[in-house]
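Visitor: Each chain, letter by letter, is given below.
Protein chains: 2
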Amino acid sequence: MKKIYNPEKTSWKSILERPTACIDDIEETVLKIFDEVIDGGDEIIKKYTTQFDGVSLDEIKVSIQEIEEGIMEVSDDLKKSIQLAKENIEAFHKAQQTDTVVVETKEGVTCWQQKKPIQKIGLYIPGGTAPLFSTILMLAIPAVIAGCKEIVLCTPPDKEGKLNPAILYTASLCGVTKICKVGGIQAIAGMTFGTETIPQVYKIFGPGNQYVTIAKQLATKFGVAIDMPAGPSELLVMADDTAIPSFVASDLLSQAEHGVDSQVILVSTSKEIIEKVEREIEIQCTVLPRKEIAAAAIRNSKLIYVDSDEKAIALINMYGPEHFIICTANDSFYVENIVNAGSVFIGNYTPESAGDYASGTNHTLPTNGYAKQYSGVNLDSFMKAMTFQKITKEGLLRIGEAIEIMAAAEGLEAHKNAVSLRLQSIKSEA
Amino acid sequence: MKKIYNPEKTSWKSILERPTACIDDIEETVLKIFDEVIDGGDEIIKKYTTQFDGVSLDEIKVSIQEIEEGIMEVSDDLKKSIQLAKENIEAFHKAQQTDTVVVETKEGVTCWQQKKPIQKIGLYIPGGTAPLFSTILMLAIPAVIAGCKEIVLCTPPDKEGKLNPAILYTASLCGVTKICKVGGIQAIAGMTFGTETIPQVYKIFGPGNQYVTIAKQLATKFGVAIDMPAGPSELLVMADDTAIPSFVASDLLSQAEHGVDSQVILVSTSKEIIEKVEREIEIQCTVLPRKEIAAAAIRNSKLIYVDSDEKAIALINMYGPEHFIICTANDSFYVENIVNAGSVFIGNYTPESAGDYASGTNHTLPTNGYAKQYSGVNLDSFMKAMTFQKITKEGLLRIGEAIEIMAAAEGLEAHKNAVSLRLQSIKSEA
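First to last, the protein sequences are chains A and B. Numbering-wise, the UniProt record's numbering puts 289 at position 289 of the first sequence, and it's gapless, one number per residue. Numbering-wise, the UniProt record's numbering puts 74 at position 74 of the second sequence, and it's gapless, one number per residue.
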């Protein structure tokens, strides 16, 4: 672990630098598979499933029977836990609903803004050792609240051509309308262009490995939107002497176990806490099943001492962490002054895991510094705001001349004429 | 103009197809200029300004004196018109402010969502014959309401190294914090990477030619966000026998004068209206200053007859127009059932020009079918939603076990451990 004491402000940028990945050769592979899927549809999807997932499928679509069998395999304890999480996520995202905004800007000029659901969306859920059913909760629940009509889920099958039961249970519980056994680049291609089985969608959500991430990025060139650009997961903890070192260490490790490229940073105004947390990490790390991954990520982590809260918050806002835990005597200072972070966890009893699973907030958050300009996934991610206006004759008399003058000044006479014709007609009636 | 009568649903997709542009060779130019600006800063910016705009500048930044001189050159009529537009745009965008959403999802588990301004934003405004000061209104006004700290405006200088006075006036009126005389790819490069004069920003807004559009797209690979992907402007009018043909023709022409690639579509349940509008277009077109452009766009336009409102709305939702004008006896049917459109204009006295300039709605809208998944620019475009949570010991006792079970089921033991440690500590205190 790199310990850094009171760094000069000029060095902050390089201290906070995130590693960047080379993507050029992946792009070629992605575009090749995209081209093939456009022409070959399901057949190509199956070809790549055989090649990458090692299984030959008859059907891409998961059958009702498969879903029912999966549901039976999930333990009652896990079902109850998922249901509790669903309740909280539902409550928090329902509260984000907004009314239509109506303003009569001038008498007779009524403008309104109304949000409408994106009609067709796609969710990508990675397969592999950790079946991320929690991400289905985070994406399908707000999609249903928003009113999305089609909610397609793509996730890769295992070597027997099956999906994890918890994924099937959660998808079925949360209102996914179609589940397809397809992963990787070919899944993103399927949802971008549509195949006989996989519906074409307007926006794709969800995490994935580097191939999926780059496929999602490139998909945006073909008319589909994505939730946000993705990068390795991140946690920054701000701790002073009031923090409990073992708790802080457990949070840093929970981030570190995600992958060797996870970003883990501790900022503190206490040198003692830095030493204590470091020792705790060593102790706790040894017993973790994913300790090799966690240890590798921890080696790249940074423990940064600064001598004031003001410096700390400036440095944190420059970094813009995905997850930000605050454990200090002065929590409200950080809550008020944080402007760049995905999700903020306050106090010793608010671990990041709570937000990852069950407190109600969304865990699909901007990484890689994107908290500076992107929201985490929320209800609005599944909707678009449309505007409407209706102007009466009297209303047009009030604003018409201003429009004529502005249009003429921009050299757009036909824009002016659309108003002039109407004003003439209104005046000739009077 | 292409007239199409009662097309089969299977042919809708091809009828509604938008022309696509080839972008590969532009990408290379963009990346070359990006690379040069990263290394060379202001010097390279000036080099390209000389090359593309034909003027050699000493200073990129517009001085206070230049702004003051510009303001004096704008006529009082135009100033008053811009002020009226500002009032309406301000009123409509202020009304879009949302309160912090606070939910106690379980006793002791408090989650909230709060929007914070994007700290640094960039506005691009094209130069040329039509000085689009109206776009400054549409972008700077909501940015100021959102609370953005830095609002940088880039726009190309004319051959004398000057900016249009109306641009200077509007920028100054609306709270732009810095104006730079730079256009094209080099402007986007400057705001993406920062130079000695041009501040690096987190999100870039505004229209532009194909070079600017592709530069904005590519800028997203370098950590900056953009308002939305861009395409040629579009208008679809739905008119029945209650529409006034000369008004409809004037709206179609106001769209057509934007550029030869503008998309103009009339859908009607009345064959008579189609004939009448066609004749009116011919009459009105002849007197327009930009008639060559308008006539070229009109040649590619489509007049589509369908025999029912249901077919009409299905076709319109498949297209997803940027601007959608409704002039029918049954306006409410269309208002209720439109799900894919940028901005909707209702009735014979609501021309698109009103929304382009002064009614209060934003004119930066999704083109190219992106109304299916993107909002037009609105207050939220200048903010990001952050989530916060604070959990008490009692709260963690309520949801902790569910988190442990879910984390274990996903194979993430360190996530589980972050909760288990805390639960053990709470229980040992009791």
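Since the hints were made in silico from the structure, they are not lab data. The model shown is predicted, which means the values in this text are computed figures rather than measured ones. Just so you know, not all the hints are guaranteed correct.
The list treats identical chains as one, so a pair stands whether inside a single copy or across any two.
Derived pair list, reagent style DSSO-like, types lysine-lysine, alpha-carbon separation capped at 27 Å [stated by the list, open to error]:
1. 94 - 116
2. 61 - 3
3. 32 - 116
4. 178 - 80
5. 13 - 178
6. 393 - 2
7. 393 - 9
8. 221 - 32
9. 86 - 311
Visitor: All hints, please: hold or fail.
Guide: A quick look at each hint next to the structure:
In this assembly of identical chains, the alpha carbons of residue 94 and residue 116 lie at most 27 Å apart whether taken from the same copy (15 Å) or from different copies (20 Å). For the homomeric pair residue 61 and residue 3, neither the shortest alpha-carbon distance inside one copy (51 Å) nor that between copies (41 Å) is at most 27 Å. Taking the shortest Cα distances, residue 32 and residue 116 never come within 27 Å of each other, neither inside one copy (35 Å) nor across copies (40 Å). In this assembly of identical chains, residue 178 and residue 80 lie within 27 Å of each other by CA distance solely inside one copy; the values are 23 Å within and 55 Å between copies.
Taking the shortest Cα distances, residue 13 and residue 178 sit within 27 Å of each other only across copies (24 Å), while inside one copy they are farther apart (45 Å). Proximity of residue 393 to residue 2 under the C-alpha cut-off of 27 Å is found in neither arrangement, the shortest distances being 69 Å within a copy and 32 Å between copies. For the homomeric pair residue 393 and residue 9, neither the shortest alpha-carbon distance inside one copy (60 Å) nor that between copies (37 Å) is at most 27 Å. In this homomeric assembly, residue 221 and residue 32 come within 27 Å of each other (Cα to Cα) both inside a single copy, at 14 Å, and across copies, at 20 Å.
In this assembly of identical chains, residue 86 and residue 311 lie within 27 Å of each other by CA distance neither inside one copy nor across copies; the values are 39 Å within and 39 Å between.
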